[in-house]
Amino acid sequence: MLTALRCVIYRDLLLAVRRRADVATALLFFVIVVSLFPLGVGPEANLLRTIAPGVIWVAALLASMLSLGRMFSADHADGTLEQMLLSATPLGVIVVAKVIAHWLVAGLPLVLIAPVLALQFDLPQPLLGVLTLSLLLGTPVLSLVGAIGAALTLGLRGGGVLVSLLVLPLYVPVLIIGAGTVDMAAAGLGVEAHFLLLAAFLVFAGVFAPWAIAAALRISAE
Amino acid sequence: MNVNWFKYSSPQTFFPLAGALAPWFLSAALLLGAVGLYLGFFVAPTDAQQGEAYRIIFIHVPAAWMSMFLYVVMAFWAGVGLVLNTRLSGMMASAVAPTGALFSFIALWTGSLRGKPTWGTWWVWDARLTSELILLFLYFGFMALQAAIDDPRRADKAGAVLALVGVINVPIIYFSVQWWNTLHQGASVSLKSAPTMAATMFAGMIVMALGFWMYSIAAALLRVRCIILERERHADWVAQYVRTLK
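Chains as they are written, first to last, in the numbering used here: chain V, 3 to 224; chain R, 46 to 291.
It is worth saying that the hints were derived from the structure and are not from the lab. All figures in this text were calculated on a predicted structure; none of them were measured in a lab. Warning: the hint list may mix true and false statements.
Simulated DEER-style distance windows between Cβ atoms [claimed, not checked]:
#, chain 1, residue 1, chain 2, residue 2, range
1, V, E224, R, E97, 38 to 48 Å
2, R, P68, V, A76, 48 to 58 Å
3, V, L38, R, S54, 52 to 62 Å
4, V, D24, R, P197, 30 to 40 Å
Chain R is faced by these chain V residues, among others (derived, beta-carbon under 7 Å) [unchecked claim]:
#, residue
5, L64
6, L106
7, L158
8, L168
9, G182
10, I221
Ideal Cβ placement from N, Cα and C applies to all residues, glycine included.
Given the sequences, and given the hints that come with them, work out the whole structure.
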């Protein structure tokens, strides 16, 4: 089972490396959206410092949602998905592998580049670590929950727009707690509770989401 | 005793039953609604702090209750449909969704009407308002997903997965919103902090809630009849039924 997990992760990463432009697009989208806010609200340092966590989190939400469509669609189109459904390996394991690969390709780069963008917003340096850690805990949840939406909308008309309608309301808790962590740290309060909550979301989603994703894939591939 | 629990799980047998029950629920809704509104507008005393403006809670609070309750009902039917693979359950889930969305919208709308005179603003990012808004989005997501899928069986199942994921998420959303709010601005105005509500006020609200409940059942039954006719249009009994209408 672990071999299957490794194989699928390796395969998806290899595919992502071969199609580097796809990965870069979502990352560039993230950078551009975040950079638009100072242009829109004006370059006042105090204001930017206040909105930085929220802006970066919302942009991360949108960027990770943008890449959801790719998660299963190529496999669905070339028949790989059917083979995965038929294989002896439990579908949940394959799904977890695909989510991990998606996060490594679409989530991790956002986490790594977020501190740089936060500097543009003049976020104080002690908060950079908090922001990065909150994204590190939060973005895997986005990939897990988003995968449910991606699996449900597989092969539908207007799937891209639809997935945002399904997934964004479910992202709300992660957004609130994730951005809240940085706000708490900025206010000089303890952030352990928020980190624990984010970790709890991750564990909860990690346990239940693969189940729902597998069920949704089976329905979509019927 | 040998009871066939699944007798009415067939669309064909449920269709006439729904048609027979709907008028009863509808008249109960009208009756309870009339009594509730009378209690609310004429019997219940004027609130000492909020004046007459508070009276909108006789619509607002029951609508908010129903919007949450109907989501659970929808998820229940969707889950039953997913587990037992009964066609009618999925139809019930899709029949309940628009009514639930309607009540969410009414709750938000009347809430903002009440917010203006009492809080001085149409909208605050209060925990309850925010979670009600997200509930409305969840209803929209469910309906949009079902509308996007042409095959009704797949639409039922996909909607069921979404509804069940949503029903797990609703308490999480609710609590996250509550924590977020209290962290940011301390104690904000809470809808539920009404001190020692007068008995008639409470009675009015309960009667209205029952009225809305009856209305929801009637609306779902009438809507499920349309869905049954649409989906079973290839069946002989539908053809016969349509012929009797002429």
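Provide an ascending list of the numbers of those earlier hints which the structure does not satisfy.
1, 5 and 6
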